[in-house]
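**Q** The listed protein sequences derive, respectively, from chains A, B and C. When the letters of the first sequence are read in order and numbered with the numbering used here, they come out as residues 1 to 306. When the letters of the second sequence are read in order and numbered with the numbering used here, they come out as residues 1 to 356. When the letters of the third sequence are read in order and numbered with the numbering used here, they come out as residues 1 to 523.
Each hint should be verified, as a subset may be incorrect.
What the hints assert, rightly or not - In silico SDA-like cross-links for lysine to any residue, where the CA-CA straight-line distance does not exceed 25 Å:
#1 A:Lys302 - B:Ala12
#2 C:Lys124 - A:Thr162
#3 C:Lys124 - A:Trp157
#4 C:Lys378 - B:Leu250
#5 A:Lys161 - C:Glu119
#6 A:Lys302 - C:Lys378
#7 C:Lys384 - B:Val209
#8 C:Lys377 - B:Val206
#9 C:Lys338 - B:Pro231
#10 A:Lys161 - C:Leu150
#11 A:Lys161 - C:Asp144
#12 A:Lys302 - B:Val209
#13 B:Lys39 - A:Trp157
#14 C:Lys124 - A:Gly165
#15 A:Lys161 - C:Gln166
#16 A:Lys302 - C:Asp144
#17 A:Lys302 - B:Pro6
#18 A:Lys289 - C:Phe279
To be clear, the hints were calculated from the coordinates, so they are not data collected in a lab.
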Amino acid sequence: MLEHLIPVLAGTLAAATPLIFAGLGELVAERSGVINLGVEGMMLIGAIAGFAAAADSGGGALAGLPAGAVAGALAALVFAVLSLSMAANQAACGLALTIFGIGLSAFIGQHYVSFSLPGLQPLDIPGLVDIPVLGRIFFHQDAVTYLALISFGIVWWVLRKTRLGLILKAVGEAPDAAHAIGYPVIAIRYGATLFGGAMAGMGGAYLSTVYTPLWVQNMVAGRGWIAIALVVFATWNPTRLVLGAWLFGGVTILQFHAQGLGIAVPVQLLAALPYLATVVVLVLISRDKRLLQLNLPASLGKPWLP
Amino acid sequence: MPLLEPRPTPSAQMRLWSPLIAIGLTLLVGSLLFLSLGKDPIEAFGVFFIQPLSSGNGWSELMVKAGPLILIAQGLAIGFRARIYNIGAEGQLIAGALAGGGVAIACDGIDAWWVLPLMVVAGAIGGALWGAIPALLRTRFNAQETLTTLMLAYVASFALSYMVNGPWRDPEGMNFPQSIMFGDPALFSPWFEGMRVNASILIAAVASVGFWIFTSRSFLAYQLTVGGLAPAAARYAGFSADRTVWISLLLSGLTAGIAGVGEVAGPVGQLNLNISPGYGFAAIIVAYLGRLNAIGIVLAGLLMALLYLGGEAAQVALQLPAAITGLFQGMLLFFLLGADVFVDYRLRPRPKPVIA
Amino acid sequence: MTTIPPPFSSPPPGALRLELTGITKRYPSVVANDGVQLKVAPGEIHAVLGENGAGKSTLMKIIYGAVQADAGQIQWNGREVVIANPSEARRLGIGMVFQHFSLFETLTVVENIALALDEPFDLKRLAERVREVSTRYGLPLDPDRLVHSLSVGERQRVEIVRCLLQEPQLLILDEPTSVLTPQAVQKLFETLRRLAAEGVSILYISHKLHEIQSLCHSATVMRGGKVTGTATPSQETPASLARMMIGRELPVCEVPAYTGEALPVLTVSKLSMIPDDPFGTQLKDIDLEVRRGEILGIAGISGNGQAELLAALSGEAPGRAEAVKLVGLPVGHLDAGKRRKRGLAFVPEERLGRGAVPPMSLADNATLSAHAQGLVKKGFLRPKAAWEFAKTCIQRFDVRCGGPGAAARSLSGGNLQKFIVGREIMQKPIAMVVAQPTWGVDVGAAAFLRQTLIDLSRSGVAILVVSEELEELFEICDRIAVLAEGRLGPAVPKAHTNAEKIGMQMSGLFTSATDREPDHAAA
């Protein structure tokens, strides 16, 4: 059993990586009071940009990830201009971004159908990889999976320990008050939104250049939406977000290992499991209104102009 | 110094102009896109918007595609007025198609007039039930309908995949994921030889009239609108927020479900994995582009249908990927949201320098 | 309140702390400041006096750098300066205590303070300094408490301490006493006098004449964006100051006696409620009775359960059926619409977004609560009837606007309030609940609204008014009760109480000794 379980758990970490990137980005944006429902679109745009850069430059994932981050941030910029500078409805703008991202990535992706990339070899962390069981799970991963965890560490530290984290929270909580004491609310929200876009783009690029290194139309397959749900599930807490992402990573890869683990259910049911799990998790967390309200950035989704 | 300032009263003119501005900007950016791809924009737009309508069959196809878009958008618009964001109409469409298709499969071989109406009723119920789940989760557990409706759309597509790969797979279908072809009693028969337009378009037409009366005159629609514009005012007036959620999701689920039956009992003729080219999502744009107004939605639905046809024509005539339709849809919605800002805001005039 | 401020000798010319000349600020629909002059000397407590909309707040925001003037000069300690933003103002030594606090609920006291200081980020050291400065000035604070757990008075202390940590030379206070009990006001004045004695200049913005007379050395009076005069408050009378402020005599309401039968109409018994909002106040065992023909006033500082009590009365937060009764029938479980059908009208504090839908026309807003008055028939709207209803309301209640088609958000606060009050009265209620009836309303409209409420009560309607303005309650109410920390005191006839007694109750005299501790220090 254990020899079956180790690849499942190791695969869980990799499957969680795009969710961690996109989820952390959205978490930061939401902390500043911006709800961007365009994560799916930004991930797709990041995925195709990353794939194109990786394929055209021959640089592989190394070229793909930065390209994905830049493309994701540019997509977020469009959203930010509309919803922050022009105070348009954030929910609708996010939806538009998702629809646009689906269209754009499919349009560009037409060139790259049936292309494939080399992907990334796992990187063993010397010493740690030899720890029994855990070593093969945690320290035998591709470099980007480590990068996702490092990103988590940085986001956690900034939010918890720095003035910037405090400012972000203040802006998300009461933009009027932050403005009154002299903080540039719109600029800070731009920053958080663009960071969210870059992280989503990076998550998308990971999918297309490392996780399944070939181009498939609509390959993000709802992970952007799951990432948004994870932020709610995490009650805007980065640690819980990573735990949630691992949970979903596990559910996602269950379908590939079901046979090996001796689970006999229709493959479609297993494939639907992450989406059903999202609904269940949302219900569980949302039913406690007080808990949500205590953690919810008070100005979330409300248009604000100085 | 912000560039925008709120208007004292929303501009009714701008509300009408905004979709036209959005269409204009989309065409402009579209031309640039065509130029960058080395195509003549005039020719390209000819292929996109003129060629599809130059034959009787083109008009028939326009109706075939506009029907479901308009029908779904009418239902969605009710919810959007109340800021209930059902973005999973695609799932409700599939649920309706499954329910209606199930009736067709069960009644295979029965030659009776009631098969088709029964399918429509089943589809309506199926779609409404699929919409009822997020409504229950929202009213009972406070779970955001935006995410749940969308997640359930994925679940519905896997359910469809399961049914056409498993229980309902056509035994003589060479293992393709599809059901049997429905018999004539389970199909809307085409009006004209060789064209696909059929009576299901009438459902969209009748629904549009009904929604127009409902939204423009009924107190219930007024309550939904208040709930969307000012939730605290709705509570103050005693309008039930839960009822708003239920009505929004049931109605939009119902129309999407009927649209699903229209597809499987119309142009598709069976259950398979391609019963909708994303109508449920495109209808979101139709609803906004039509100003959440029943008449506007009819016009916007026709335009969006034309965009689908143009995309197909461009694929053949210009070797452009069909995905260009999705790109135009996204751009259109972006420009629309941008232009809509000027319904409630105007540019702030630069303060004139004053000599002190 | 009648203590005369210590004599104050004007400093020699040229040594002014702040001098404004020709400050002008235009907004699209209004000139907020028009050639304003203002002079403040070191150690001077200077009042800026004017009613709502006179341009005081805009002027203060200009001094604090939050708003830029279109024209005019600012001289700071004899040197011309441009104040581009609040952090520049703070660098110069200008601190501001906001009317609607600029605090963040989910952050701690010390985090809130850190956000407004332009110095290296070290919360531990800052917490020490907060303790030290707050004790020195008699404003005790616990740096680690979350702001949402503080009382309104304590929150103001946070703002003041935040300013003091920057060792300001000028402190701006915008309507600081509206959130304080009368006793806490005296305590605040002591702190301010002490600061002034240390050389800090104070700009004190208020419309409360007696406070200005007891505290301020000099005053600048504004009306319609212009300076209408300067005065030495101790040498003026409230009436003369009021004339400068509003340009005419203060209007006074007529309060005739009620002659009908005083039957109880709206009764609340043993109402307890835990709010959904985690930052809300729990209501504890509230009993009250409003009778025909009277106005019952509920005094207290917002945040002591006012919002929760109003929601429980209006039906926006239904609860136990027996807790609220209307002419003896239980209605506590009904929603707002059903209670309105039984004759309970409600005027909320929040006019835009609650009492009215901002982008909708007045005619459409008539339908919001008055739909049962023939504006809806068999489930269908009757736009003509709504138009007529709005038109009548506009005429009868002197609503100045562009007609029934005008959007609610295009009206001034006073006119929208007249429309909402009128709409509720036209439904012929038997009881009416009104929250902050004249908040943010100019003096003329306020007098009209108060008189309207008095007349309505004398026609036999039971009226409950919740207000932070004690003077307003003494003007229009027959009996007054105090709401503090979610508990309601007994309703006392107005003649048997006074501001001081009510102030004692506001400090929470009917709560347990342990709860009272922090506020006691303030009082």
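**Q** Regarding the pair Lys124 of chain C and Gly165 of chain A, is the alpha-carbon distance no greater than 25 Å?
**A** This hinted pair holds, its Cα atoms lying about 17 Å apart.
**Q** Is Lys338 of chain C within 25 Å of Pro231 of chain B, Cα to Cα?
**A** holds, 18 Å
**Q** With the threshold set at 25 Å, check whether the alpha-carbon distance from Lys161 of chain A to Asp144 of chain C stays at or below it.
**A** Given that 25 Å is the threshold and the Cα spacing comes to 15 Å, the pair holds.
**Q** Would you mind confirming whether the straight-line C-alpha gap from Lys161 of chain A to Glu119 of chain C stays at or under 25 Å?
**A** Satisfied, since the Cα-Cα distance of roughly 16 Å is no more than 25 Å.
**Q** Quick one, are Lys302 of chain A and Ala12 of chain B close enough, alpha carbons at most 25 Å?
**A** With Cα atoms ~23 Å apart, Lys302 of chain A and Ala12 of chain B stay inside 25 Å; holds.
**Q** Is the Cα-Cα distance between Lys302 of chain A and Pro6 of chain B 25 Å or less?
**A** Holds, because 15 Å separates the two Cα atoms, which is no more than 25 Å.
**Q** Hinted pair, alpha-carbon criterion (25 Å max): Lys39 of chain B, Trp157 of chain A. Please report holds or violated.
**A** Violated: Lys39 of chain B and Trp157 of chain A sit about 51 Å apart, past 25 Å.
**Q** Taking 25 Å as the top limit, are the C-alpha atoms of Lys161 of chain A and Leu150 of chain C close enough?
**A** Holds, at about 24 Å.
**Q** For the pair supplied as a hint, Lys302 of chain A and Asp144 of chain C, confirm whether the alpha-carbon distance does not exceed 25 Å.
**A** violated, 29 Å
**Q** Does the alpha-carbon distance linking Lys384 of chain C and Val209 of chain B stay inside the 25 Å limit?
**A** Holds, because 23 Å separates the two Cα atoms, which is no more than 25 Å.
**Q** Assess, step by step, whether the Cα of Lys289 of chain A is no farther than 25 Å from the Cα of Phe279 of chain C, and give holds or violated.
**A** holds, 12 Å
**Q** Is the hinted pair Lys124 of chain C and Thr162 of chain A satisfied, with a Cα-Cα distance of at most 25 Å?
**A** OK: Lys124 of chain C and Thr162 of chain A at ~13 Å, within 25 Å.
Hint compliance for this structure: hints 6, 12, 13, 16 are broken, all remaining hints hold.
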